[in-house]
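The listed protein sequences derive, respectively, from chains A and B. Residues in the first sequence are numbered consecutively from 0, following numbering that gives the first Met the number 0. Residues in the second sequence are numbered consecutively from 0, following numbering that gives the first Met the number 0.
These aren't lab readings, by the way, just hints derived from the structure by calculation. Among the hints, a few may not be true.
To be verified - Partial pick of chain B residues on the chain A-facing surface, computed with a CB cut under 10 Å:
(1) Trp52
(2) Met292
(3) Gly362
To be verified - The calculated label-pair distances, taken between Cβ atoms and stated as ranges, are:
(4) B/Thr333 / A/Ile23: 54 to 64 Å
(5) B/Val38 / A/Glu107: 28 to 38 Å
(6) B/Thr333 / A/Trp99: 33 to 43 Å
(7) B/Arg328 / A/His69: 56 to 66 Å
Said to hold, decoys possible - Below, computed lysine to aspartate or glutamate pairings styled on DMTMM-like, alpha-carbon distance capped at 25 Å:
(8) A/Lys66 / B/Glu664
(9) B/Lys233 / A/Asp104
(10) B/Lys594 / B/Asp666
(11) B/Lys233 / A/Glu79
(12) B/Lys233 / A/Glu107
(13) B/Lys327 / B/Glu685
Remember, it's a predicted structure, so these values are computed and weren't measured experimentally. Note that CB positions come from ideal geometry on N, CA and C, so glycine has one too.
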Amino acid sequence: MSRPNTGEIDPKDTARAEIRSYAIGFVASLLLTGGAFAVHLSGLSVSWKIALICAAALVQIVVHLRKFLHLSFSGEQSREDLLLVLFSVCLLAIMAGGTWYVMADLGERMHQSGMDGAPMHSMSAD
Amino acid sequence: MSRETSPIVGRLDWTVTPYTDLLREVNSSTIVGAGAASVLVLGAIAGVVLLTWKRWWAPLYRDWLTSADAKKIGIMYIALGLVMLARGIIEGFVMRAHQASALGTLAQPESGLVAPDHFAQLFSTHGTIMIFFVAMPLLIGLINFVLPQQLGARDMAFPVLNQISLGLTAVGAALVMISLLIGKFGTGGWTMYPPYTGIDFSPGEGVDYWLWAILISGVGSTLTGMNFAVTIFKERAPGMHFMRMPLFCWTSLCVAIMLIYAMPALTVSSGMLVLDRYLDFHFFTNDAGGNMMNYANIFWMFGHPEVYILILPAFGVFSEISSTFSGKRLYGYTSLVIASMSIAVISFTVWLHHFFTMGQSAGVNIAFGIATMIIGVPTGVKIYDWMATMWRGRVRITTPIVYLTGFFLLFVIGGLSGIILANPSIDYQVHNSTFLVAHFHNVIIPGVLYGMLAGIHYWFPKAFGYRLDETWGRRTAFLFVGGFVFTFLPLYVLGLMGMPRRSPTFQNPDFLPFMYIAAFGAVLMLCALAALIWTFWTSYRNRLSLAVPGGDPWNGATLEWSTPAPVPEWTFPRIPHVVARDDWGEAKRGEDPWKAPERYDDIEMPANTAHGLLIAGAAFAFAFAMVWHVWWLAILSFLALPGLLILRGMMVIEPRVISAAEVEEADRRFRHQVANLTPVTRADEETELNRGVPDVSEFAG
Ligand code: HEM
Ligand SMILES: [Cu+2]
Numbered sequence: 000m001s002r003p004n005t006g007e008i009d010p011k012d013t014a015r016a017e018i019r020s021y022a023i024g025f026v027a028s029l030l031l032t033g034g035a036f037a038v039h040l041s042g043l044s045v046s047w048k049i050a051l052i053c054a055a056a057l058v059q060i061v062v063h064l065r066k067f068l069h070l071s072f073s074g075e076q077s078r079e080d081l082l083l084v085l086f087s088v089c090l091l092a093i094m095a096g097g098t099w100y101v102m103a104d105l106g107e108r109m110h111q112s113g114m115d116g117a118p119m120h121s122m123s124a125d
Numbered sequence: 000m001s002r003e004t005s006p007i008v009g010r011l012d013w014t015v016t017p018y019t020d021l022l023r024e025v026n027s028s029t030i031v032g033a034g035a036a037s038v039l040v041l042g043a044i045a046g047v048v049l050l051t052w053k054r055w056w057a058p059l060y061r062d063w064l065t066s067a068d069a070k071k072i073g074i075m076y077i078a079l080g081l082v083m084l085a086r087g088i089i090e091g092f093v094m095r096a097h098q099a100s101a102l103g104t105l106a107q108p109e110s111g112l113v114a115p116d117h118f119a120q121l122f123s124t125h126g127t128i129m130i131f132f133v134a135m136p137l138l139i140g141l142i143n144f145v146l147p148q149q150l151g152a153r154d155m156a157f158p159v160l161n162q163i164s165l166g167l168t169a170v171g172a173a174l175v176m177i178s179l180l181i182g183k184f185g186t187g188g189w190t191m192y193p194p195y196t197g198i199d200f201s202p203g204e205g206v207d208y209w210l211w212a213i214l215i216s217g218v219g220s221t222l223t224g225m226n227f228a229v230t231i232f233k234e235r236a237p238g239m240h241f242m243r244m245p246l247f248c249w250t251s252l253c254v255a256i257m258l259i260y261a262m263p264a265l266t267v268s269s270g271m272l273v274l275d276r277y278l279d280f281h282f283f284t285n286d287a288g289g290n291m292m293n294y295a296n297i298f299w300m301f302g303h304p305e306v307y308i309l310i311l312p313a314f315g316v317f318s319e320i321s322s323t324f325s326g327k328r329l330y331g332y333t334s335l336v337i338a339s340m341s342i343a344v345i346s347f348t349v350w351l352h353h354f355f356t357m358g359q360s361a362g363v364n365i366a367f368g369i370a371t372m373i374i375g376v377p378t379g380v381k382i383y384d385w386m387a388t389m390w391r392g393r394v395r396i397t398t399p400i401v402y403l404t405g406f407f408l409l410f411v412i413g414g415l416s417g418i419i420l421a422n423p424s425i426d427y428q429v430h431n432s433t434f435l436v437a438h439f440h441n442v443i444i445p446g447v448l449y450g451m452l453a454g455i456h457y458w459f460p461k462a463f464g465y466r467l468d469e470t471w472g473r474r475t476a477f478l479f480v481g482g483f484v485f486t487f488l489p490l491y492v493l494g495l496m497g498m499p500r501r502s503p504t505f506q507n508p509d510f511l512p513f514m515y516i517a518a519f520g521a522v523l524m525l526c527a528l529a530a531l532i533w534t535f536w537t538s539y540r541n542r543l544s545l546a547v548p549g550g551d552p553w554n555g556a557t558l559e560w561s562t563p564a565p566v567p568e569w570t571f572p573r574i575p576h577v578v579a580r581d582d583w584g585e586a587k588r589g590e591d592p593w594k595a596p597e598r599y600d601d602i603e604m605p606a607n608t609a610h611g612l613l614i615a616g617a618a619f620a621f622a623f624a625m626v627w628h629v630w631w632l633a634i635l636s637f638l639a640l641p642g643l644l645i646l647r648g649m650m651v652i653e654p655r656v657i658s659a660a661e662v663e664e665a666d667r668r669f670r671h672q673v674a675n676l677t678p679v680t681r682a683d684e685e686t687e688l689n690r691g692v693p694d695v696s697e698f699a700g
């Protein structure tokens with residue numbers, strides 16, 4: 000592997016180390032996914048289940064970014080990587096937040112609100 | 000619609016062609032339908048005959064279809080875009096001809112050239128084609144051709160991925176084309192809103208054609224975006240800092256970012272609609288908890304950034320040509336960079352203005368209305384920058400400048416009508432009327448279409464080694480400007496008078512004069528199309544007298560003008576060391592800009608491969624099988640996709656090495672030729688004296 004952006008060989012970075020990093024990422028992803036299923040099957044209360052699954056999802060994102068996409072916040076590329084992450088988070092927040100804002104408002108005007116004020120998407124399903 | 004699904008050919012049978020419609024009933028609508036199918040069939044046969052007769056099959060395969068060279072891929076994208084443009088313009092003309100004859104009465108509302116359902120297919124294919132298979136291929140093609148050359152790179156970061164993207168885009172276009180002959184296209188407009196396009200109301204194959212064309216070409220565009228972004232971040236020549244990049248590279252970067260973040264939204268909304276239609280999901284149905292308004296929400300999360308994806312490359316082109324043809328440095332470089340970046344970000348915050356009338360409360364509308372008006376500011380900044388660039392320059396009225404002038408005059412009108420529409424209370428009055436149709440054509444044609452045609456004219460010599468004929472180029476440009484004015488300005492008035500968009504008929508005789516003017520404009524547009532084709536043809540015939548082997552016909556300032564025309568496969572004999580913004584212009588101020596490099600090295604180029612073709616073939620088979628419910632073929636071709644990827648992953652692929660001797664030989668020949676050609680002054684730029692070597696003493700930019 001060469002150092003990012005230079006084409007120079009990095010002596011510390013051997014093929015073994017690279018495979019190890021991928022393997023760690025793979026195992027961690029498996030555990031986090033399996034863990035989410037385990038939480039769902041467990042007897043915890045619903046809010047605990049949701050919180051734990053969300054947490055597992057977020058950790059999973061970090062694992063992917065670090066181990067598979069080689070994002071790092073130290074070294075030559077840290078600034079670019081940081082900008083990239085911030086920009087992505089910003090756009091995703093706009094899209095997800097905007098959707099929430101718009102659809103919740105529409106839902107409210109359609110008298111669709113569920114008990115917690117969020118739009119309820121299963122009106123006549125059952 | 001209770002056709003049986005056969006296990007072998009799915010829902011295909013002999014009744015799906017427009018010829019069977021024609022046999023069933025002969026009227027102007029079925030004649031137009033069968034005629035269009037015949038044009039497609041005859042065109043395909045003519046193409047095959049021509050290729051066979053000229054023995055072009057092998058060169059086509061060897062030099063083009065299997066090439067991974069970004070410049071060739073770019074040219075193929077543009078060729079695809081121009082072919083589809085011809086169909087789109089003809090469809091526009093048929094629609095205008097229809098509406099000019101569509102005055103109905105209350106007792107007998109249906110009249111005119113084509114049947115209402117046929118009209119609906121026309122605006123749906125026209126919109127889909129113009130956005131996804133004209134504008135997108137043109138701009139992606141232009142960026143592919145120009146970006147690496149301007150950055151001082153030999154190729155894109157991922158050449159084979161680039162080939163695959165082209166293949167996937169072509170698959171989408173092919174699906175729309177084949178729907179002329181086999182079956183029907185959807186009737187839900189280019190946005191295909193459910194619940195109308197859900198399985199209950201549109202059970203046939205039409206919407207599926209749209210969905211698979213969009214899904215597959217959408218993946219291609221997303222990959223293209225990543226390719227562009229990585230190329231700009233990683234492949235710049237040494238010394239090419241961000242703030243030294245030509246403005247076209249900056250707008251390409253914005254486009255890349257927007258492609259990466261916006262295209263997935265389209266993939267998601269189309270994917271959800273696919274699930275609704277094929278697997279009985281209820282994302283967007285009326286019942287069972289579906290919410291069709293979320294489709295509009297997700298679609299426009301893509302849709303609005305998309306319009307800036309379309310316009311930003313044109314802004315890049317205008318930045319280059321305004322500077323080159325007035326012989327001046329670009330005014331306000333930094334402000335243009337900031338404006339482009341702001342547009343890229345703000346364009347993600349305005350999507351709701353496409354559905355102000357959906358029923359959300361006024362507060363929500365106001366928030367998005369204000370955001371929409373704000374985005375006009377950076378665009379305005381840019382217009383002033385270009386005008387300031389030309390101010391007091393010695394402007395040569397070449398074809399690109401005619402387009403630029405048309406753009407100045409017309410785009411501002413379209414932008415202002417957009418600001419008007421950004422006011423929700425006004426939008427409530429005119430939305431879904433032809434006022435809107437006038438608005439978006441008013442930004443798309445003078446913006447995107449003129450920009451791309453200007454860019455093609457500007458960089459054509461770099462690709463093929465000869466200039467395009469200026470007289471016919473200017474005639475084409477004038478026809479496109481005049482055609483636009485007559486076709487679309489009347490639609491503003493019609494919209495205010497109450498003519499709805501997408502309407503196959505109307506009953507108010509007062510509309511008729513405007514319809515006639517618009518139809519006349521559409522005739523001019525057809526003439527413009529013919530003039531465009533003629534420009535290419537006549538320039539090809541006069542290619543010897545128009546040849547510019549020196550490679551710098553317009554006395555340009557950016558790196559791509561330092562190489563021969565046509566540009567060799569390896570682009571630069573050695574990767575340049577960039578010392579300034581507009582590096583080539585800087586070299587012209589120093590001593591001999593055409594100095595040969597001291598040393599030549601072997602050059603590695605990506606080897607030709609049929610990988611892109613194979614992927615495209617499998618993707619087409621998959622999509623076609625899904626549209627017609629041919630399940631066995633769908634499964635096979637879907638499995639072929641990962642199969643092909645794995646196969647290539649396991650092969651050892653050697654790059655093609657071009658020896659230093661070969662590069663040196665070609666490069667020395669070029670330098671020798673330049674030294675022996677007489678430099679041409681700008682005043683003689685359009686004459687035969689222009690051999691591509693400009694008089695550098697005139698360079699002031
Ligand atoms: C060149 C001459 C052109 C003509 C004569 C033309 C004509 C038309 C007509 C008659 C309609 C239907 C209007 C209605 O719904 O009442 C239409 C719709 C549309 N046109 Fe064009 N057009 C032209 C060029 C373009 C170009 C260059 C683009 C984009 C690159 C474009 C994009 C669209 C779109 C997106 C729609 C909306 C389709 C829909 O309703 O879903 N058009 N055009
Ligand atoms: Cu918009």
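Quick check: which numbered hints come out false for this structure?
-> Of the numbered hints given earlier, those the structure breaks are 1, 4, 5, 7, 8, 9, 12, listed in rising order.
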